[in-house]
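There are 2 protein chains.
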Amino acid sequence: MQSRYFTINDVPQGTPGRELFELHETALPDLAEGEVRIRNSWLSVDPYMRGRMSGVKTYIAPFTLGEPLEGAAVGDVIESRHPRLAVGDKVRHMAGWRDIAQLPGDQVEPLPGIEVPEQAYLGVLGMPGMTAWTGLYQIAGMQQGDNVLVSAASGAVGSLAVQLAKARGGTVVGIAGAPEKLEWLASHGIEAVSYRDRNAQQLTEALQAACPEGFDVYYENVGGVCLEAALNTLRTGGRIAVCGMIARYNAEGPAPGPSNLAMVLIKRLRMQGFIIFDHWNDYPRFLEEVGPQVANGEIDYAETIEEGLERTPDAFLALFEGANTGKMLVRL
Amino acid sequence: MQSRYFTINDVPQGTPGRELFELHETALPDLAEGEVRIRNSWLSVDPYMRGRMSGVKTYIAPFTLGEPLEGAAVGDVIESRHPRLAVGDKVRHMAGWRDIAQLPGDQVEPLPGIEVPEQAYLGVLGMPGMTAWTGLYQIAGMQQGDNVLVSAASGAVGSLAVQLAKARGGTVVGIAGAPEKLEWLASHGIEAVSYRDRNAQQLTEALQAACPEGFDVYYENVGGVCLEAALNTLRTGGRIAVCGMIARYNAEGPAPGPSNLAMVLIKRLRMQGFIIFDHWNDYPRFLEEVGPQVANGEIDYAETIEEGLERTPDAFLALFEGANTGKMLVRL
Numbered sequence: 001m002q003s004r005y006f007t008i009n010d011v012p013q014g015t016p017g018r019e020l021f022e023l024h025e026t027a028l029p030d031l032a033e034g035e036v037r038i039r040n041s042w043l044s045v046d047p048y049m050r051g052r053m054s055g056v057k058t059y060i061a062p063f064t065l066g067e068p069l070e071g072a073a074v075g076d077v078i079e080s081r082h083p084r085l086a087v088g089d090k091v092r093h094m095a096g097w098r099d100i101a102q103l104p105g106d107q108v109e110p111l112p113g114i115e116v117p118e119q120a121y122l123g124v125l126g127m128p129g130m131t132a133w134t135g136l137y138q139i140a141g142m143q144q145g146d147n148v149l150v151s152a153a154s155g156a157v158g159s160l161a162v163q164l165a166k167a168r169g170g171t172v173v174g175i176a177g178a179p180e181k182l183e184w185l186a187s188h189g190i191e192a193v194s195y196r197d198r199n200a201q202q203l204t205e206a207l208q209a210a211c212p213e214g215f216d217v218y219y220e221n222v223g224g225v226c227l228e229a230a231l232n233t234l235r236t237g238g239r240i241a242v243c244g245m246i247a248r249y250n251a252e253g254p255a256p257g258p259s260n261l262a263m264v265l266i267k268r269l270r271m272q273g274f275i276i277f278d279h280w281n282d283y284p285r286f287l288e289e290v291g292p293q294v295a296n297g298e299i300d301y302a303e304t305i306e307e308g309l310e311r312t313p314d315a316f317l318a319l320f321e322g323a324n325t326g327k328m329l330v331r332l
Numbered sequence: 001m002q003s004r005y006f007t008i009n010d011v012p013q014g015t016p017g018r019e020l021f022e023l024h025e026t027a028l029p030d031l032a033e034g035e036v037r038i039r040n041s042w043l044s045v046d047p048y049m050r051g052r053m054s055g056v057k058t059y060i061a062p063f064t065l066g067e068p069l070e071g072a073a074v075g076d077v078i079e080s081r082h083p084r085l086a087v088g089d090k091v092r093h094m095a096g097w098r099d100i101a102q103l104p105g106d107q108v109e110p111l112p113g114i115e116v117p118e119q120a121y122l123g124v125l126g127m128p129g130m131t132a133w134t135g136l137y138q139i140a141g142m143q144q145g146d147n148v149l150v151s152a153a154s155g156a157v158g159s160l161a162v163q164l165a166k167a168r169g170g171t172v173v174g175i176a177g178a179p180e181k182l183e184w185l186a187s188h189g190i191e192a193v194s195y196r197d198r199n200a201q202q203l204t205e206a207l208q209a210a211c212p213e214g215f216d217v218y219y220e221n222v223g224g225v226c227l228e229a230a231l232n233t234l235r236t237g238g239r240i241a242v243c244g245m246i247a248r249y250n251a252e253g254p255a256p257g258p259s260n261l262a263m264v265l266i267k268r269l270r271m272q273g274f275i276i277f278d279h280w281n282d283y284p285r286f287l288e289e290v291g292p293q294v295a296n297g298e299i300d301y302a303e304t305i306e307e308g309l310e311r312t313p314d315a316f317l318a319l320f321e322g323a324n325t326g327k328m329l330v331r332l
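Residue numbers (UniProt numbering), protein chains in the order written: chain A, 1 to 332; chain B, 1 to 332.
Treat the hints as calculated values from the structure; they're not laboratory data.
If several chains are the same, the list does not tell them apart, and a pair holds so long as it fits within one copy or across any two.
Only pairs whose alpha carbons sit at most 25 angstroms apart, straight line, appear in this in silico DMTMM-like list of lysine to aspartate or glutamate:
| no. | residue 1 | residue 2 |
| --- | --- | --- |
| 1 | 267 | 278 |
| 2 | 57 | 213 |
| 3 | 267 | 252 |
| 4 | 267 | 70 |
| 5 | 166 | 300 |
| 6 | 57 | 205 |
For reference, chain A alone in the conformation it holds in the complex:
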């Protein structure tokens, strides 16, 4: 059986171009004992993957040039030599960026039994959703009634963070760019603020207008002016969960940090970075809490879908242009 997969052919500097990605085809070997073969139906593309293209080990090994890229995917088992997995099982695994995956069954997990579309396990009930929940509650220690600010608020992570925060009272403000994203936020009861054409001072003023009492929690996905404005508008004792800094992922060189970092001292802020893989033991608890809310429609989620394996690099690159509302997915 043939498998088509993407590689990168170089370590990109700055914003990667489409030509970085190469589509290959290979004949898969027979299944070894314990392996399964999966026909992927949905692929996930996520901002963190940019870090894996840097050639440098950070919290996760870099992609190997010429080897298939990796990422979350869901699909159907089409052949199995693993005792726990049978043909027809719906599964999630990390052998994405390809159509047919073949890997040890121990690296594959059956989809949980909650009644949601399968691709939800790549988004609102997958890594991005788990990231929103962990950052808000475990890292930022959000309490009932806290005022919460979220950047990239209509993205895969942010769009759940704002809804979880909203359900616990308090004012929730989401920063986004495109008009349709601001509308999506507003339609979910979130105060939507645009970062477009605003410097840090102007964004600060817009946030102050949206939430004059200031924020108890800032959920950080972006960096840059968003962080600077957040530091200005947090209250004393505020907490920042640093989930991402997408503004910097394609930077070609160091750029200055916020000029108001002394706010950390003046306001006794706590700022904490986290990586969701460190917290994966809590996934069943997350699923138990958030899964039913997604299934019964209390929590909404948006998706931006590209069609076909060939579009996977385009879907990935579009993340950095802010082209997605909600989870960016590729449907095969």
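We have chain A already, so just place chain B on it with the hints.
Then chain B, alone, in the frame of chain A:
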């Protein structure tokens, strides 16, 4: 009775000049019920006072132009209309920057009974010492064996932080400037690293040489290149206690923050600012733990002393030139 005291006559921009400070003399009124009169013997000058000169309320009210400046002081009660305080009592209070203080006895505390020179209650057993202890243990959560980095390591706060850290094993590195400060650190078993003539990259390399395994805790007193180099050399899961950012206190405008703040995410760092006044309930516990160590000489402390009330502004201004090893004091 006459009291001589300092005021400021303007809100300084940038580094204050000596002419900002004016010495006045006034006749004190008779003691009101509940008041005491104190002959100050030692005055404290501290970097945080610069913030009170800004005319802006931060975590503490600004100094009022034309009114006596305030700050920690110790002295002897020379007259009392307070039931708890008698003539001859040694006390600590916040009516510094003057020779004779008159204030409600409820704002005055008798010195604890540990056998140390009285001015130690302005330094190693006072606010700076309490700040070192709180930042290291309560804020940064230092554990036995942690490698610890301290900036302004020979200052009033840093010089206790390095000794407390050293007593719990691990490698302790202190950043300082002047040769005599580096010597003081080395003589206490601390790896001393100079920030002088080093940019962030060069300081990073010097810190890596001093502690190749990296740091678990960074005790932040300075900001600027020290923070940038610390972010580069902290280990995954490292904690930063932000006690001060003296490099910025006299800045006339915003300056960029560290260009590598994304390390907070990559290394899952926790960075937390704190103000010691929020933690003052723990002072008895601090005194119980650290007091005996100071009294029996296990913990050393340095002092830099200016003589005479007239020199108080000079002592204060010298803080920003790094002129002090250990606590900067004025002896009256």
